[in-house]
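Each protein sequence line maps, in turn, to chains Y and F. Under numbering that gives the first Met the number 0, residues 0 to 521 are what the first sequence spells out, in order. Under numbering that gives the first Met the number 0, residues 0 to 465 are what the second sequence spells out, in order.
None of these hints come from the bench; they were simulated from the model. We treat Cβ as the ideally placed atom computed from N, Cα and C, and that holds for glycine. It is possible that some hints are incorrect.
[Claimed, not checked] Here are the simulated BS3-like cross-link-like pairs (lysine-lysine), alpha carbons at most 30 Å apart as the crow flies:
no.: 1; chain 1: Y; residue 1: Lys58; chain 2: F; residue 2: Lys323
no.: 2; chain 1: F; residue 1: Lys11; chain 2: Y; residue 2: Lys244
no.: 3; chain 1: Y; residue 1: Lys43; chain 2: F; residue 2: Lys56
no.: 4; chain 1: Y; residue 1: Lys165; chain 2: F; residue 2: Lys56
[What the hints assert, rightly or not] A few chain Y positions that, by computed beta-carbon distances, are all more than 12 Å from chain F:
no.: 5; residue: Asp61
no.: 6; residue: Glu84
no.: 7; residue: Asp108
no.: 8; residue: Ser123
no.: 9; residue: Lys131
no.: 10; residue: Gly287
no.: 11; residue: Lys324
no.: 12; residue: Gly446
[As the list claims (entries may be wrong)] Okay, the calculated bits of chain F under chain Y, using three or more residues with CB under 8 Å as the criterion:
no.: 13; segment: 67-73
no.: 14; segment: 114-128
no.: 15; segment: 299-311
The primary structure of each chain is shown beneath.
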Amino acid sequence: MIVKTTVERGAYYDSVSLMKAAKELNAMHGVVDSAVVMATKENKGIVRSSGLYNGALDKAGDNDLVITVKARDQKSADAALEKAEELLMKKSAPARGGVRGGVKAKGLDNALEILGGANMAVISVAGRFAGKVAMDCLDRNMHVMLFSDNIPLETEIELKKTALKKGLLVMGPDCGTAIINGAPLAFANAVNRGGIGIVAASGTGLQEVSTLISNEGSGISQAIGTGSRDVKKEVGALTLIQGLKALAEDKKTSVILIISKPPHPEVLARILRETAKIKKPVVSVMLGGDAKLPEKKDFYSARTLEEAALKAVYVAKDGNAHKAKERLFDMNTASRNAAAAAAGNKTGKQKYLRGLFSGGTFVSEAQIILRDLVGPLWSNVPMDKKYRLANSLKLRENSVIDLGEDEFTVGRPHPMIDFSLRNKLIISEAGNPETAVILLDVVLGYGSNMRPLEDLLPAVRTAFKVSRTLSIAASVTGTEADPQVRSKVVEGLRQAGVLVMPSNAGACRLAGEIIRIIKRKS
Amino acid sequence: MAVLKLFESELKVINIGLESFKDSLDDKGVKAVQADFRPPLDHDPKLLKKIRANASKISAANKSALGRILNSKPALVGLNRAINVIPGMKKDLILHAGPPVKWAEMCGPMRGAVMGALIYEGLARNEKESEKLAASGRIKFSPCHEHSAVGPMAGIISASMPVFVVKNEEYGNYAYATMNEGLGKVLRYGAYSPEVIERLKWMETVMYPALKRAVELLGRVDLKAITAQALHMGDEVHNRNRAGTSLFYRAIAPAVIRTASGMEQAASVLEFINSNDHSFLNLSMALSKACLDAARNIKYSTVAVVMARNGTEFGVQLAGTGDKWFTGPAPVPDALFFSGYTKEDANPDIGDSAITETNGLGGFAIAAAPAIVQFVGGLAADAVGYTMAMYEITAGENNAYQIPNLDFRGTPTGIDVVKVVEKGILPFIDTGVAHKKPGIGQVGAGVLSAPPEPFVKAFEYFANKL
């Protein structure tokens, strides 16, 4: 075994390019492990703990690129280092004629020169730089979508206060998705335009709700992301309230939908004071908490993303939510029927469901739905702390885990892009004789995995080979207009034997019903 | 409210970070531009807050520094011996390129050039004697830049060497540089063999008197005008000086002929200038030095007035920090090498010629010089890219030096060290490359980004003083 390392001084690459390169190196013959990272203190720690450290790293700093490879022999190591250079060079040297769709600006000011009147900055640089970049953009009177995470809370507050004074939006940090004037920003789906305006503190929640609305035939006017910490006490929902005010005045918005985790009580009170002023119907879903919001005239609350989406659609159409309740009832029945058919073949040992999620909000929604059907669930992000898994990868009884948590994503692409970790778990959980149902989310849209079937189906097929009586329930968050095309993905999964439901809530109900039927039988 | 206005306007996005986010916008037909992002140079973030708190003072000082650089009127007004005109010049003093360096730390080519100069001055007879004398402590060394002078490569100036006298007619300060010796085995690359010394002697006895009389007859040669024209003719006046040399030749030739002691003297001097495309380099350096020295000692200014290398270290001085040098290790340029040589042979970056970049020329003006884009990747677009990046770190644009290819936009001028640190974009220099051993000469030409350390040190020193 041999560890070889090169350090390139002053060569900066974004982490996604680096992770892609590392992924390709690891797939090379003779390569045991590799890291392609900027030599920050944290990254050096990771490199050290993976046994990839080499004295050459001692002097390397934040702005130096480190490529380090553990390989079976010298030749494989050399080949991998060469490959890494090639992959990264390709990235940094655009083809003749510049980058796709025009020139690449040398910096912010150059970009402003090229694109006169730029009004939105989408920022996804590493967190430790992103706050400064965002402030530079606000200084130049641009609204900001801050995809980056790991930004200090004080910085978030400073940015949002500065923005508020200037009448600018700061969506984020850690804002995965937004749709402004019909344009999908970062991880967004291609949805219909329409009269429903969304303010969301949850990226996955926003994707699920906006696609459900679109698939139901309605559309979105604007979808403003706030970042998940916006509803914390310290931030006080600055962006959420700013978004509500804007949507309240926006002529193209007829119904406003709020998606959030349970806010701090003081913050919730502020939000409710604001919604009381709005002369348009408001639908609200605050996932994960037990706080029940009172329904009154023009104020609707929902327990699930699906319910919120349907209520918004029918309130916009009919002025009330009666139809939404009928639709929900129908969808419930469909889940139950599918469950009855799927539960029949289970062995006596198969008792539990295993939810393997890439979207954090889906794990919250799953727990809300499933605890009523199967009782409390073990998780790495449990609603009740008693049920925290000791080891996030050791699932027990009924479990749902969020693979997008930081513990899984350091130095690795997000599970919506890179399915490899989840694929391993699908196969290992299928091999567990107690597993009756595996529950999955598949998120489509811009920024997500562009070949979900190619990457997921091999694991699904292996899982069914390992356990012929296994059920796999899934939802596919997306639309026909998404680059992956929802119907193609759904069809591919169904042909492989996956039970695909129209929403995450539907897939959860299906999985829960299967477990309930098994329980009743035994 | 501005958010509502956003809903009613066309969305125009600047994407900073993951390029795939821009691709999706392209697919949707949304106007979007990808802005390159580089992390800032490593620095103490508290200092940036101090800088921000003083932003208006700094900005006013930088405006003033840039104003002085741009208003400068450099002209060649004479030639003379170093000892007669260079402030502080002494018989036992050798001036060299870059920041201060002791004999023991000097790189090969600089040592070779020092030895050659001692032989040239008659202070030593051969290699052995000159090496011994240089190491003895009896010879003093000092940077050209501390004596209003500049020198390419090793940048060696000794007492009896003839120098160009360039006057900044706007502010009255002077700058000095030797005459260019041509390519091949030359003193500035550390060669000191008899043929090198012979050429220097010929320059002293034949060329110097001829040019001195010619400039006396003309009174002045406007160097700013020549440089501005040279940029329109494909020079950036650091690595390409063909147009500048031709224009200088046109300006000086009649006067050389009129004042020469004979036809042969005139012909040999004009032939020498004509055969050396780099004849103008020493003038472009001296004129840059004259402009930048006029911007010295402006309190609160973060504009660089010197970038210079001694083959060991890269040094920077700022308008607002007096005579203090900020240094870091000099990198080896990324170069195209003459046949028979490789990067292994290359000396780390050397010479005062980065004064041209400091003045908005050289690498900063490379978009004006398509003939030498082989040094920067082979595409004219690459050269434009390098110049465009330099606009991000400069205080402003030049009023005289323009780039035809950018619709005659002024070159990026006045390097602002705060922008360099904040944006992580380092000054871009195109340069010749010396062999690391003395006596061999030039082995290639290429480009490099300045090293980060001097800029971070300058930034931190400046901010701490606020």
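- If you check each hint against the structure, which ones fail? 3, 5, 7, 8, 9, 12, 13, 14, 15
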